[in-house]
Structure formats: C-alpha cells, structure tokens
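Protein chains in written order, with our numbering: chain A, 1 to 414; chain B, 1 to 632.
Since the hints were made in silico from the structure, they are not lab data.
Glycine is no exception: its CB is placed at the ideal position from the N, C-alpha and C atoms.
Don't take every hint at face value.
[To be verified] According to the in silico footprint, chain A covers these stretches of chain B (three or more CB under 8 Å from chain A): (1) 286-298; (2) 605-614.
[Claimed, not checked] Every beta carbon over 12 Å from chain B, so not counted as near; a handful from chain A, in silico: (3) Ala68; (4) Val86; (5) Asp161; (6) Gly205; (7) Val294; (8) Glu307; (9) Ala310; (10) Gln329; (11) Gln346; (12) Met360; (13) Ser361; (14) Asp374; (15) Asn376; (16) Trp380; (17) Asp401.
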Amino acid sequence: MVNVGTPSGEPCVREPVERCYCAPGLGARLRFTRRDTGKVRRRTVVVLGLVALAVVAVACAPNASQSALEPAGPYAQKSFDLFVPVFWVAVGIFVIVEGLLLLFVIRYRHRKNQTARIPAQIHGNTRLEIAWTILPTLILAGVAVPTIATIWDLAAKPTGDVLEVNVLAHQWWWEFDYPGQDILTANELHIPTGRPVYLTLCAVGFGYGTPVPSDGGPPAPNACQTGPPDGQQPAAIGAAVIHSFWVPQLAGTQDVVPDLTNHLTIQADEPGVYQGQCKEFCGLSHAYMKFRVVAHTPADFDRWVAEQQAPASAQVSGPAAAGKDIFLQTCTACHAVAGLETANGQPAIANGAPNLTHLMSRQCFRGCTLETNDENLARWIADPRSFEAGSFMPDYGLTSDQIDQVVAFLNTLE
Amino acid sequence: MASVSVQAERPGGLLQRPHATTGFWSWFTTVDHKKIGILYGITAFGFFLIGGSEALLIRVQLARPDQTFLEPAVYNELFTMHGITMVFLVVMPLSAAFFNYLLPLMIGARDVVFPRLNAFSYWAFLFAGLFIYSSWFLGGAPNGGWFGYAPNSVTDPSIGMTFYAIGLLIAGIASTVSAVNLAVTVLNMRAPGMTLFRMPVFVWMGLVVQLLLAFSLPVITIGLVELLFDRLFGTHFFDVAAGGSPVLWQHLFWLFGHPEVYILVLPAMGIVSEILPVFARKPLFGYQFVVFSGIAIGFIGFGVWAHHMFAVGLGPVANTAFAVSTMIIAIPTGVKIFNWLGTLWNGDLRFATPMLFSIGFIAMFVIGGLSGVTHAVVPSDYQQTDTYYIVAHFHYVLFGGAIFGLFAGIYFWWPKVFGRMLSETWGRVNFWLMLIGFNMTFGPMHILGLQGMPRRIQSYPASLGLSFWNMVSSIGAFVIAISVLVFLINAVTSFRKPKQMEADPWDARTLEWSTSSPPPEYNFEEIPVVHSLDDLWHRKYAETEGGRVVPVAAGGSGEMASVGDHVGGDGGAGHEGGHAIHMPSPSYFPLIAAAGFPIAGYGLIFGVPAVVVGLVITLAGFFGWALEPSAE
Numbered sequence: 001m002v003n004v005g006t007p008s009g010e011p012c013v014r015e016p017v018e019r020c021y022c023a024p025g026l027g028a029r030l031r032f033t034r035r036d037t038g039k040v041r042r043r044t045v046v047v048l049g050l051v052a053l054a055v056v057a058v059a060c061a062p063n064a065s066q067s068a069l070e071p072a073g074p075y076a077q078k079s080f081d082l083f084v085p086v087f088w089v090a091v092g093i094f095v096i097v098e099g100l101l102l103l104f105v106i107r108y109r110h111r112k113n114q115t116a117r118i119p120a121q122i123h124g125n126t127r128l129e130i131a132w133t134i135l136p137t138l139i140l141a142g143v144a145v146p147t148i149a150t151i152w153d154l155a156a157k158p159t160g161d162v163l164e165v166n167v168l169a170h171q172w173w174w175e176f177d178y179p180g181q182d183i184l185t186a187n188e189l190h191i192p193t194g195r196p197v198y199l200t201l202c203a204v205g206f207g208y209g210t211p212v213p214s215d216g217g218p219p220a221p222n223a224c225q226t227g228p229p230d231g232q233q234p235a236a237i238g239a240a241v242i243h244s245f246w247v248p249q250l251a252g253t254q255d256v257v258p259d260l261t262n263h264l265t266i267q268a269d270e271p272g273v274y275q276g277q278c279k280e281f282c283g284l285s286h287a288y289m290k291f292r293v294v295a296h297t298p299a300d301f302d303r304w305v306a307e308q309q310a311p312a313s314a315q316v317s318g319p320a321a322a323g324k325d326i327f328l329q330t331c332t333a334c335h336a337v338a339g340l341e342t343a344n345g346q347p348a349i350a351n352g353a354p355n356l357t358h359l360m361s362r363q364c365f366r367g368c369t370l371e372t373n374d375e376n377l378a379r380w381i382a383d384p385r386s387f388e389a390g391s392f393m394p395d396y397g398l399t400s401d402q403i404d405q406v407v408a409f410l411n412t413l414e
Numbered sequence: 001m002a003s004v005s006v007q008a009e010r011p012g013g014l015l016q017r018p019h020a021t022t023g024f025w026s027w028f029t030t031v032d033h034k035k036i037g038i039l040y041g042i043t044a045f046g047f048f049l050i051g052g053s054e055a056l057l058i059r060v061q062l063a064r065p066d067q068t069f070l071e072p073a074v075y076n077e078l079f080t081m082h083g084i085t086m087v088f089l090v091v092m093p094l095s096a097a098f099f100n101y102l103l104p105l106m107i108g109a110r111d112v113v114f115p116r117l118n119a120f121s122y123w124a125f126l127f128a129g130l131f132i133y134s135s136w137f138l139g140g141a142p143n144g145g146w147f148g149y150a151p152n153s154v155t156d157p158s159i160g161m162t163f164y165a166i167g168l169l170i171a172g173i174a175s176t177v178s179a180v181n182l183a184v185t186v187l188n189m190r191a192p193g194m195t196l197f198r199m200p201v202f203v204w205m206g207l208v209v210q211l212l213l214a215f216s217l218p219v220i221t222i223g224l225v226e227l228l229f230d231r232l233f234g235t236h237f238f239d240v241a242a243g244g245s246p247v248l249w250q251h252l253f254w255l256f257g258h259p260e261v262y263i264l265v266l267p268a269m270g271i272v273s274e275i276l277p278v279f280a281r282k283p284l285f286g287y288q289f290v291v292f293s294g295i296a297i298g299f300i301g302f303g304v305w306a307h308h309m310f311a312v313g314l315g316p317v318a319n320t321a322f323a324v325s326t327m328i329i330a331i332p333t334g335v336k337i338f339n340w341l342g343t344l345w346n347g348d349l350r351f352a353t354p355m356l357f358s359i360g361f362i363a364m365f366v367i368g369g370l371s372g373v374t375h376a377v378v379p380s381d382y383q384q385t386d387t388y389y390i391v392a393h394f395h396y397v398l399f400g401g402a403i404f405g406l407f408a409g410i411y412f413w414w415p416k417v418f419g420r421m422l423s424e425t426w427g428r429v430n431f432w433l434m435l436i437g438f439n440m441t442f443g444p445m446h447i448l449g450l451q452g453m454p455r456r457i458q459s460y461p462a463s464l465g466l467s468f469w470n471m472v473s474s475i476g477a478f479v480i481a482i483s484v485l486v487f488l489i490n491a492v493t494s495f496r497k498p499k500q501m502e503a504d505p506w507d508a509r510t511l512e513w514s515t516s517s518p519p520p521e522y523n524f525e526e527i528p529v530v531h532s533l534d535d536l537w538h539r540k541y542a543e544t545e546g547g548r549v550v551p552v553a554a555g556g557s558g559e560m561a562s563v564g565d566h567v568g569g570d571g572g573a574g575h576e577g578g579h580a581i582h583m584p585s586p587s588y589f590p591l592i593a594a595a596g597f598p599i600a601g602y603g604l605i606f607g608v609p610a611v612v613v614g615l616v617i618t619l620a621g622f623f624g625w626a627l628e629p630s631a632e
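Sequences and hints are given; from them, build the entire structure.
Here you go:
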C-alpha cells in the first residue's frame, strides 16, 4: 500500500482499495472517490480477466498448438533450450555479415560525380583468412558440445516410473498398445502427467513382397509388432512404410521405420490435449494421419485405464441392435471390439483397422481428422474415400438407414 | 578437314555426314560446345517455367486452410515433380549450360575434349526430361517425393515411380558422361601457361562439380536400379519381410543427394566469384582460399549425408558424427562468404544487374547457411526435420543461392553469348521483384515449420494458426512469377537489338572476354599464352610501384584478340595467317544414340519389344559414332 503523505500533513485517507494518492496535482487527477474507485476497479478486473481468459484460451485451447516453440514437457524443452541460444547466435552472425554487406555496398558504391578509379588491387590477407577460419570454428565448437550432450541425453532410456506404450503406425492411422495395461486404442494417446512415457515405434503393414496367404489368414506381421492383447489376431492392411511420430509440444520426432525398432520418450507437465501428426511422407493420405496426446492427472489417467480395460457393453436395443448385426457381419472383418462375437461365433479380434471397443471415449477418429459425432461417423461410413484418399476401408454400399443403425450401435461403445 | 569459313555443299543423303554449322537443323547435329550450352540453357529454362508453375499450383492449394482445389493424389505428383524438375531438369542443366559454354573459353581452348559426347549428354538429358514428363499422360507422374523413400516408392500402386527411376537413370548417364568430359577438358586442354592456380574460380568450381558428379552419381544409380528392380522384377532390396532394408535406400540416396546439393550451388558460387571482381574493379579477395574452400566443400560433402537422416534412428553415435561433420562444412562456406565481402571492400562498386543478383546471392545464401547450421543441432533438428523450416532452408540456398547466382550469370554473359545486352531497366525490375517475392514466399516458412506445419501435406486445418503466413507465402510466389515474366520480356526484347557487341563490354578479367561477342566457332583466332591469373585484366592494366593501376598503352586496343601472346606468333585470322583451324564436324550419332534410351525405358514399362528396339538404336548410334572420324 503506497501511502504518500499530503503536503499539508493531513493523514492520507485510507480507502479500502490498494492505492491512495494524496499528492496534489497528480493526485487531483488520480484522487478517487470511493464510488469511482470501485467502478474503475471492477472495470480493471474485468478487463484483466478477459485478457487472462484469452491468454489461457489460446494456450489451452484443445486444437491450439502443434508448435515446437511452445514446449509443454521436459523432452520438448530440451530441444527448445538448445534451439534458442543457437538461434540468437545465428541472428548475431546474420546482423554482422549482412550488416557488413550493406555497409560495403553503400560505402563503396561508385558515385556519379566521382572520377572513375580502379581501386588498389588487393589480393588477400592471410591473417584475416586464418582469423575467419578459426573464429567460426570456435563458435561451432561451442554449439557442438551441448548438442552432443543432448543427443546422448535424449537417446537414453528413461528411468523411474516409466509408462511404456507401443506406437503402431499404419497407413494412415496411429494405434496405441499399452502392454502393461492390456489396452489397445487408436488416434488418441492418453498419458499421465509428470511421468516419462517410453514409446516403442513400429511400422505395421505388408512387406511388399509378402502376398496375403491364400487361406485368408493374416499376413506375417512386422517383426516389432508386439501383438494386440487378449489374443487378438495381428493383421495388416496397407503397406509397411516409413512414418514419423511427432507431437512437437512434448518431444521432437522419431521416424517409424519398418526395419528398425525406434524409441521416443515424451512427457507432459500439465494436463491438456497436444496435437501431433505423421511427418514422414507415407503415401496418399499422409496429410490425414494425425493423432492427439491427451495428458491426464495421474488420478484421471487411472480412471481412463479402468474404463478402457472394460469390455464393450453388451446391452443394446432398438436401432443399435440392428446396427450391431450389420457391424458383426461386415465391420468385424477388420475392426476388433473386445467382448463381442462375429456373425460366425468367432471373437471379434481382427485388427487391421482401429480397435473400436471404446470408440465413444475418443474425441476424434479417422486419423484424428474428424470429431467423433454421429454426423461424421455416418458420412465416413458412407464414403470413406472422400475423407481418406486411397482408403483401405471399403464402401459397403449400406443404405442410409443401415448406416444410422450402425452409428447407433457405435454410440454404445463407450 | 572442315575449313571453318567454307560452307560445304554436299547433297544431304541419309548417311552423309552433316556439315552445316548454321541454320535450324544444325542445332540437332551440332557438337560445338557453345551451341550445346545454349541448348542446355533454353531447355533448362523451359523446365524452370514448368517447375515454377507446379510450385504456383502448390501455393494456390496451400494459400488457405482445408482447401480442396487439388486432391491428394495430384498434389503428391505436383510436389514430387516440382522437386525432380528443379533439381535435375533446371539447376543442374542450367549449370551445365554455363560450364559447357564457358569452360573451354575460360581456359583458352577451342572446344571440350569429346565434342560428340558433349552433344550426347545434352540429348540424353533432354530425353530424360521428356520421358519423366510423359508420365503425366501415361498413367501418372511420380508421386513419392523427389527423394523417393522406400518402401513407399515401391509399394505405391501408381506407375509414376517407375518413370522416376528410369528417367533419372537416363539423366544420370547424361551427367556422368558430361562430368568426365568436362573434367578431362579442364585438366588437359588449358592454354599454355594456364597452370591450375591461374584458372578462374569458375573453372575450379567446374572441376570440383564434375568430380562430385563422377563419384556421387554411381551411388544413386545403384539405388535407382534397385528401386526399379523391386518395382518391376520382384526383388526385395527394400522389403523388410524378405530381409531387405528401407534405410538402405536412404543411405544410397543421400550419399548422392548431399554432394548433389553442392553440385547445385558451387557453379553459382563460381559465377559470383567471377562477377564481383569485375563490378568491384578489383581481384577476388583470397583466390587460393576460395579455391581450397570449394575443394574442401567437395570432399567434406561426402561425409555429411546422414544429416538428412537424423530422425531415422541411426543411433547417437551416428547422429553425433554427422552433426560434427555438418558443422565442419560450414567453415569453408563461411570462408567463401568472407572473401566475397573482402572483394567488395574498398572496391568501386557498380550495380549492373549481374552485380545486383550476385549481392542478392550472398545475402540470401547467408540466411540459408545459418538455418542450415541450426539443423546441425540434432535435438533441434528433431523438431525441424520434415517441416517447412527445412523447406525454407533449402529454398534459401537453392533459389536465393543457386538460382540468383545463375541469373547473375545470365545477365553477365548474355552479351557474350548473344551479342546484345539485356536491358538494365528491366533487369533491375526483375531483380527487385524476385528478391521481394522470394523473401515473401520462403521467409515465413521458417515460422510455419516451427509452428507445426509438416512437409508434403496438401492441406492443414484452420485450427493450427498457420493460415496467415501461408497466404503471405502464396502471394510471394506470384510475385516471383511476375519477376520471371519480366525476365522473359527482357530476354525476348533483347533480340530486337542489333547483334553488335564489343568483345569486352564489362571491362572484365577472364579470357572469354578477349574474343568477339559471340565468339567464332573456333573461339580464338590464336590460342593465348597465359602469364597470370586474370590474364586478360593484366593485358589491359598494369600495376605501378605504388600499387596504382594504370591502363596498358596498347596499340590497337580495339582488337582484343591481337593483344598479348599467342601460339603461332602474331595474331591474324587462323585460316589466313597460317595453318587452318581444325574443328570437329557435326554428327547425327549422338542424338541417335541418346534416343534409344527413352525408347528402352518405355519398353521396361510397356513391353519388352521396345527395350530391344531402344537398345538397337543406341548401339547403332554408338557404332556409327565410333566409326566416323571426329572431323572430316
């Protein structure tokens, strides 16, 4: 509380507000009456509140950011903390070099009123050559040391309470397998905050020389595919090509390469939704192969795990029941739903396409390019190729009533 | 022997040796390095317009979020073809145009060592480009990216990547053969007295580039053959399920691909090294250091390839090694830049259009080089790789660098080649529009990449906040297009001027300016004897004790060809003063030999008979070529 005494020695009137300016002149303008102060204070608070809300909204908007300049976890922070100083060094060199260029261009330009001269024919200066070889070397050495340290730091497997998840990259969607929790999901990678998440990256699909076996069984899976839980069949639709897992707010990228088993560690500091997408060109629908990382508080994460581990609810009625019949006859050729049986009595465990057991718990589908709602689901089923170029999901030619029934059934998969 | 001033009058029978060195049809049978250089230049510029149009379509698609102007299949073809076109069909052949035209002149030779091979290279390049572009009409253009990563380039169902493999193999033949030709020319055909360290920097860069080509092309040849065999003949080089490795493709591609980027930029660096001294009126600062830097870049360029693969998962040892080697290669690059600045320092700078483009080159290349150094910081590159930040980097070095340098060369040597000047007024407009448009297009891409825009995507959602800079970038692309149009107007209208140009309009330093504009077919009436670096300059100016430069009081200074020493005594037209000048004769066979390759290529795709036909034509071409004398 600032308490500026009045020149006349009278005590400053203490208003129940923060400040009390009693100096004349300035104070004459700033002297507030109780009523005025309250109004100004309210206005100020409202304005500040709106600004804060805007800042928070921008920072925490669900679709806000795929920016490498807004790290939200320690691993992304390491890349960022290395980039910033190097960037400023580069800016410094830019200013010096371009500045010299500009200076020389201006200073040594031929002016019309000058007599034409041929300047001294200087051929070089060995000392300068040595200097401008050594100086950049020293600068680069300075950059190289933290670079190398961080390369090794990021390559190390994290220790402590690590969550392990297998990331399976298909054409053109992301699958997430939690071996420790027996969960198989797609499009959204849910993680707890404050814990390193150690990802094993696998590219899934046909090798191009491998034909589909004539008995209709699944082709040989990629070597690093660990297999879905509950004995579900591994399967492959689409070719095994190189992808790249990138959620810039949480970490730099690592490629998903068919013949390598790559790893990436990510960690989120705060709960939120972080955008990601495939960065390595992988075919027709490369642009539509996105995902989200949803970070929960540890308690919320445990709740999510429990929900995901439950089988699909078996109670359906009305249109959903008709939809379930259609689903079991057509969709289970590729989509798995834990706890269901297909039309011929087999468990619905085919796994060439996203596991749909808890589809409704996911905000997005179709390579995380469509929000999960009835309208989008219906449009997708009606014409997959309009949302995914070269899609491997067939158009089954269902009538719009049939599609509505299927969507009603999908709504029960919570 | 062809007597140069005589037009032979012989009936043009089918198997008769062609003799015309002028006229429309002479362009198809020419073996003159100057005509071949012009052919390369025009063809490359045509592909530049096509590749630029592909870029404009891309930028229209990306101007706003979620656009559906181009569907993914077409978009993937467009960015693939844009990359292939600009790298293989524009910058490389435009550089080849300059090397072909200028290397023999700059070293005081009459032609390259193997003139028919030189023609063969051009025709093979042209046919390769036409072959690749015919794919648009024959089933689909290449769509797997110019880098064609396996397995996607193998598994993609479109025929396009087969055209890619075959077309680039044919182009590779053209470049490999040309590399040998030009390297041997530089090493063996220099005028008396021109030691290696009296060669112009442009010739040095030419030599380094040809050696880079010779050693890097075989690597991608292997990769492309393996890709072709995987696609056509059921092999499994890149098939994991059968024991192959996709990463193998990347190593083979980038072992070529990185030296390739130096192949793309060193010629422009050589051009700028020639232009700056002329318009600063003083020699290149640190000539030996610029030369050695170029050589160093060539060598080290073979040791950095996996910096394109930092995120592939090669492991921290490999990533460390290549981070360090990539940082090391920045050092000789910096040395060159500082030496160019030293050339400008204390000069008497005149800003003709070649000089504007050269200064623009330096300014833009510095930006591209600095962003390149940020890529070498591997953990940072994990965020930058495969985003528009990388697109920004390589456009700054390849457009702001190579293309600006090549434009500088076009403006500089235009009077020598065509006997007319390009307009300075239009040239200024061209330069400033291009500079502004270029920075508008590619500057914002640094921001877009860091804000999360990956490469090779045909659209992005509005929610990512990428819309504003994408729109700016797209507008910039059209500004570039206008600047290119300005250049075309300049070029075309220059031909309205009469073809009368002095030998040395710029008061330059190198030997090509000592002969007429354009040069006669035999280049020099008498082969000069060279006494120093910048021999022409020293014939015109002498340095006094105090370091001042004074013009040499030369008699008959208008006739440059007669100043200085020549082989054979005093000057005079060769065919009058003494012995006749023997020039190689035109020939059909280079074109015929080259024509068989695309035919065989179509055969690989559409049916074996064409393979046989193509090979027969090529063999017939080689056979006839081998049996005909080089001059008659």
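How the hints compare with the structure:
Check on the segment 286-298 of chain B: 4 of its residues sit with their Cβ under 8 Å from a Cβ of chain A, so the three-residue criterion for coverage holds. A count of 0 residues in the segment 605-614 of chain B with a Cβ less than 8 Å from any Cβ of chain A is obtained; the coverage claim is therefore unmet, three being the minimum. A beta-carbon of chain B is positioned within 12 Å of the beta-carbon of alanine 68 (chain A); the least distance is around 4 Å. For valine 86 (chain A), the non-interface assignment is contradicted: its Cβ lies about 5 Å from the closest Cβ of chain B, within the 12 Å cut-off.
Distance to chain B confirms aspartate 161 (chain A) as a non-interface residue, since its nearest Cβ pair spans about 24 Å, more than 12 Å. Under the 12 Å C-beta cut-off, the non-interface status given to glycine 205 (chain A) relative to chain B is violated; the minimum distance is some 8 Å. Taking the minimum C-beta to C-beta distance to chain B, about 16 Å, the non-interface status of valine 294 (chain A) holds against the 12 Å cut. No beta-carbon of chain B comes within 12 Å of the beta-carbon of glutamate 307 (chain A); the shortest separation is about 27 Å.
Every beta carbon of chain B lies more than 12 Å from that of alanine 310 (chain A), the smallest distance being close to 32 Å; the non-interface claim holds. Distance to chain B confirms glutamine 329 (chain A) as a non-interface residue, since its nearest Cβ pair spans about 29 Å, more than 12 Å. With a cut of 12 Å on Cβ distances, glutamine 346 (chain A) stays outside the contact zone with chain B, its closest approach being about 26 Å. Annotated as non-interface, methionine 360 (chain A) keeps its C-beta farther than 12 Å from every C-beta of chain B; the closest such distance is 22 Å.
Non-interface status of serine 361 (chain A) relative to chain B is upheld: no Cβ of that chain comes within 12 Å, the nearest being about 22 Å off. Distance check on aspartate 374 (chain A): its Cβ is at least 21 Å (rounded) from any Cβ of chain B, clearing the 12 Å threshold; non-interface status holds. Residue placement check: asparagine 376 (chain A) keeps its beta carbon more than 12 Å from all beta carbons of chain B (closest about 14 Å). Under the 12 Å C-beta cut-off, the non-interface status given to tryptophan 380 (chain A) relative to chain B holds; the minimum distance is some 16 Å.
With a closest Cβ-Cβ approach of about 29 Å to chain B, aspartate 401 (chain A) is found to remain outside the 12 Å limit, as its non-interface label requires.
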